[in-house]
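Residue numbers (my numbering), protein chains in the order written: chain A, 1 to 349; chain B, 1001 to 1349.
Honestly, I wouldn't trust all of these hints.
Taking lysine-lysine pairs in the DSS-like style, the calculated list, with each CA pair at most 27 Å apart, reads [unchecked claim]:
no., chain 1, residue 1, chain 2, residue 2
1, A, 163, B, 1163
2, B, 1050, A, 163
3, A, 163, B, 1332
4, A, 163, B, 1203
5, A, 166, B, 1166
6, A, 191, A, 249
7, A, 249, A, 13
8, A, 191, A, 203
9, B, 1013, A, 166
10, B, 1035, A, 166
11, A, 332, B, 1166
12, B, 1013, B, 1203
13, B, 1332, B, 1050
14, B, 1332, B, 1166
15, B, 1203, A, 332
16, A, 166, A, 191
17, B, 1163, A, 332
18, A, 166, B, 1203
19, A, 35, B, 1163
20, A, 35, B, 1166
Think of the hints as simulated: they come from the structure by calculation, not from any bench.
Okay, here's what each chain looks like letter by letter:
2 protein chains.
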Amino acid sequence: MRIMLIGYGNVGKCFHGLLDERREFLTRRYGITPKVVSIVDRGGAVIDPKGIRCDEALEAKRKFGTVAGLDRGRRGMSAIEAIGEVDCEVVTELTPSNLADGEPGMSHIVEAMRVGRHVITANKGPLALALPALLELASHNDVKLLFSGTVGGGTPFLNFIRKCLKGNEILSLRGVLNGTTNFVLSTMERKGRTMEEALLEAKDLGYAEADPSLDVNGLDAAAKLAILTNVALGRRVTISDVEVEGIAKVSRRDVSRALDSGMTIRLIAEASHEFARVQPREISREDPLCVYGPLNALSLVMEGEWQVTLVGKGAGGFETAQALVRDLVELKESLTSTYSTLKIEAYER
Amino acid sequence: MRIMLIGYGNVGKCFHGLLDERREFLTRRYGITPKVVSIVDRGGAVIDPKGIRCDEALEAKRKFGTVAGLDRGRRGMSAIEAIGEVDCEVVTELTPSNLADGEPGMSHIVEAMRVGRHVITANKGPLALALPALLELASHNDVKLLFSGTVGGGTPFLNFIRKCLKGNEILSLRGVLNGTTNFVLSTMERKGRTMEEALLEAKDLGYAEADPSLDVNGLDAAAKLAILTNVALGRRVTISDVEVEGIAKVSRRDVSRALDSGMTIRLIAEASHEFARVQPREISREDPLCVYGPLNALSLVMEGEWQVTLVGKGAGGFETAQALVRDLVELKESLTSTYSTLKIEAYER
């Protein structure tokens, strides 16, 4: 299976490394022989039908700041140009998320599908902004669009919804979808810290970016909620349909007051067939959503008040790369199966 | 799809009710038109190729104490006799679990597979005692054996393992697999009750059987652990390979001492490639396994210390019946798919 990587940051490197490392396992167990035939980063592209190894790409990146530094590299070549030139089955889009207009990922995904490539992406931006349209485009071009790395890369929320709840109807969902804010809130609670102190600690531990504003203002959680709402509830929503309130106003006093009454404050993302919103909420300390540190959690409520909760890591580079590998396996299986379940993945579980 | 029900207690009735209720949905969404062509209970059997409705079976059960009271009923007919006579695709085995020798479920499952029927069961006994052998028998007879109702009927643990963790290797698992003991331990903790008091409360609320000894002595959890260990770790174990210690020796003082140090006592079932055991353990109150009331939880640990936890209801009649419906959908899909993933379900994820 010939793969093109667009974006070669932490996730891209991890994914490439995993492919090289698990090649034999993937071949033996799933009949997939992955070959990375092109990589594009900000400095240009490299294209090689014989395959590009992770170690050489990393070395070029280190030495020259771009994979285009490789001997067969093409400095200045854009992803769109490369998509037009590369012969491959799958394009993996792994550029940074942009929740304003989804670029450059949006254009990459659209162009890749237009020329008939299956797309696997971990890029929340384009999906939060336009998942319904992108799925229609995938269907129109008869390609698959897989995106389990966009929500809880470390915990397979989307696959759980699609595969483990068949025969049931999901009525609503409630989750802790942002690890950074959960670390901040639970650290304020456990250690009596102010938000500023807790944020500093999160940065020190690598749980927050240098600029954590998309975490703090709730937009990262809202992007994930938009994607989940499409998949779990079959509602064609985008991030603009989500009411959002971040954690900026949560004070140390709010947190300790909640604690005194057996409750805890978490940034809760929730959606039903009527609403979709993200806001700090008091929940019981016995609620399965009361998770600590950088964990994520998602509760799904079905008919008969039946509820299931999935808890696990949010997305680090390694976790997201694992999700991409799972999507690759999924893609392979769907291509060799006679009945294609993936094409309509979001709206029919 | 012609279905035979063996065992018509709470689970059997709920399952039959769900099939009647969701017939249209199942047909439309999955192409399954379920028809119950035979029911067997302790008093005898009823066989009708045209189908038996839930309301008439319930009425016969109420009036005569057995479904054999129906006009086309056969008083005194055994399940084994009925299996030989009934033409159907699936036998659902729903008699009470027996962890000593697995009977009568064991004989029913073996006979059904012998005559070429697929089997869906919620009966832990035969599987805890002989899952490796039963899976071989299924493979030998070229039929499917589905059993997601045996472990956490209310939470799809087995399907999660089989379907959502592809491409990863599970190294160990730890779980709270018995709702009754979890209710007892968390009630001792929350309300300062003794075990006897908490058990009485559990019975009042319907969370414990009249005789809760299999819960208290840890055998119910051990049975589920044996099944999970086969599926998650690919180890061919049975309940006799599980070291078991129940909660009988846990005192109110143990519970409050744990609480004082930020810990909590739970009946933990755990297995790796080296061991399988059930015993009361102190765990952190921040551990996702620290669930309250009758909930179940299961953490799976994969390479790179990657951990995912699933939390939900244990098995009530309704939850188990739902799991049976999901197995039916699964069976149907596997039969219409070209590549059969289910045949080797336990040992190859």
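These are the hints, each one checked on the structure:
Proximity of residue 163 of chain A to residue 1163 of chain B is assessed by CA-CA distance (about 7 Å); at most 27 Å being required, the pair is judged to hold. With a C-alpha separation of about 33 Å, the suggested pairing of residue 1050 of chain B with residue 163 of chain A is violated against the 27 Å cut-off. The hinted pair formed by residue 163 of chain A and residue 1332 of chain B meets the criterion: a straight-line CA distance of about 14 Å does not exceed 27 Å. At roughly 35 Å between alpha-carbon atoms, residue 163 of chain A and residue 1203 of chain B are farther apart than 27 Å, so this suggested pair is violated.
Distance check on the hinted pair: residue 166 of chain A and residue 1166 of chain B sit about 18 Å apart at the alpha-carbon level, within 27 Å; holds. A hinted pair counts as satisfied when its Cα atoms are at most 27 Å apart, and residue 191 of chain A with residue 249 of chain A qualifies at roughly 18 Å. The hinted pair formed by residue 249 of chain A and residue 13 of chain A fails the criterion: a straight-line CA distance of about 37 Å is larger than 27 Å. Our distance criterion of 27 Å between C-alpha atoms is met by residue 191 of chain A and residue 203 of chain A, whose separation comes to about 16 Å.
As the CA atoms of residue 1013 of chain B and residue 166 of chain A are separated by approximately 21 Å, the hinted pair is consistent with the 27 Å bound. Taken as a hint, the residue 1035 of chain B and residue 166 of chain A pair is honoured in the structure, with Cα atoms around 20 Å apart against an allowance of 27 Å. With a C-alpha separation of about 12 Å, the suggested pairing of residue 332 of chain A with residue 1166 of chain B holds against the 27 Å cut-off. In summary, the hint linking residue 1013 of chain B to residue 1203 of chain B is supported, as the alpha carbons are separated by about 22 Å, within the 27 Å threshold.
Restraint check: the Cα-Cα separation between residue 1332 of chain B and residue 1050 of chain B comes to about 20 Å, which is no more than 27 Å; the hinted pair holds. Among the hinted pairs, residue 1332 of chain B with residue 1166 of chain B is consistent with the structure: their alpha-carbon atoms are about 21 Å apart, no more than 27 Å. Our distance criterion of 27 Å between C-alpha atoms is broken by residue 1203 of chain B and residue 332 of chain A, whose separation comes to about 50 Å. Taken as a hint, the residue 166 of chain A and residue 191 of chain A pair is broken in the structure, with Cα atoms around 42 Å apart against an allowance of 27 Å.
Of the pairs offered as hints, the one joining residue 1163 of chain B and residue 332 of chain A holds, with about 14 Å between alpha carbons and a cut-off of 27 Å not exceeded. Note on residue 166 of chain A and residue 1203 of chain B: the hinted pairing is violated, with a Cα-Cα distance of about 32 Å set against a maximum of 27 Å. Between residue 35 of chain A and residue 1163 of chain B the CA atoms are separated by roughly 25 Å; this keeps the pair inside 27 Å, and the hint holds. At roughly 20 Å between alpha-carbon atoms, residue 35 of chain A and residue 1166 of chain B fall within 27 Å of each other, so this suggested pair holds.
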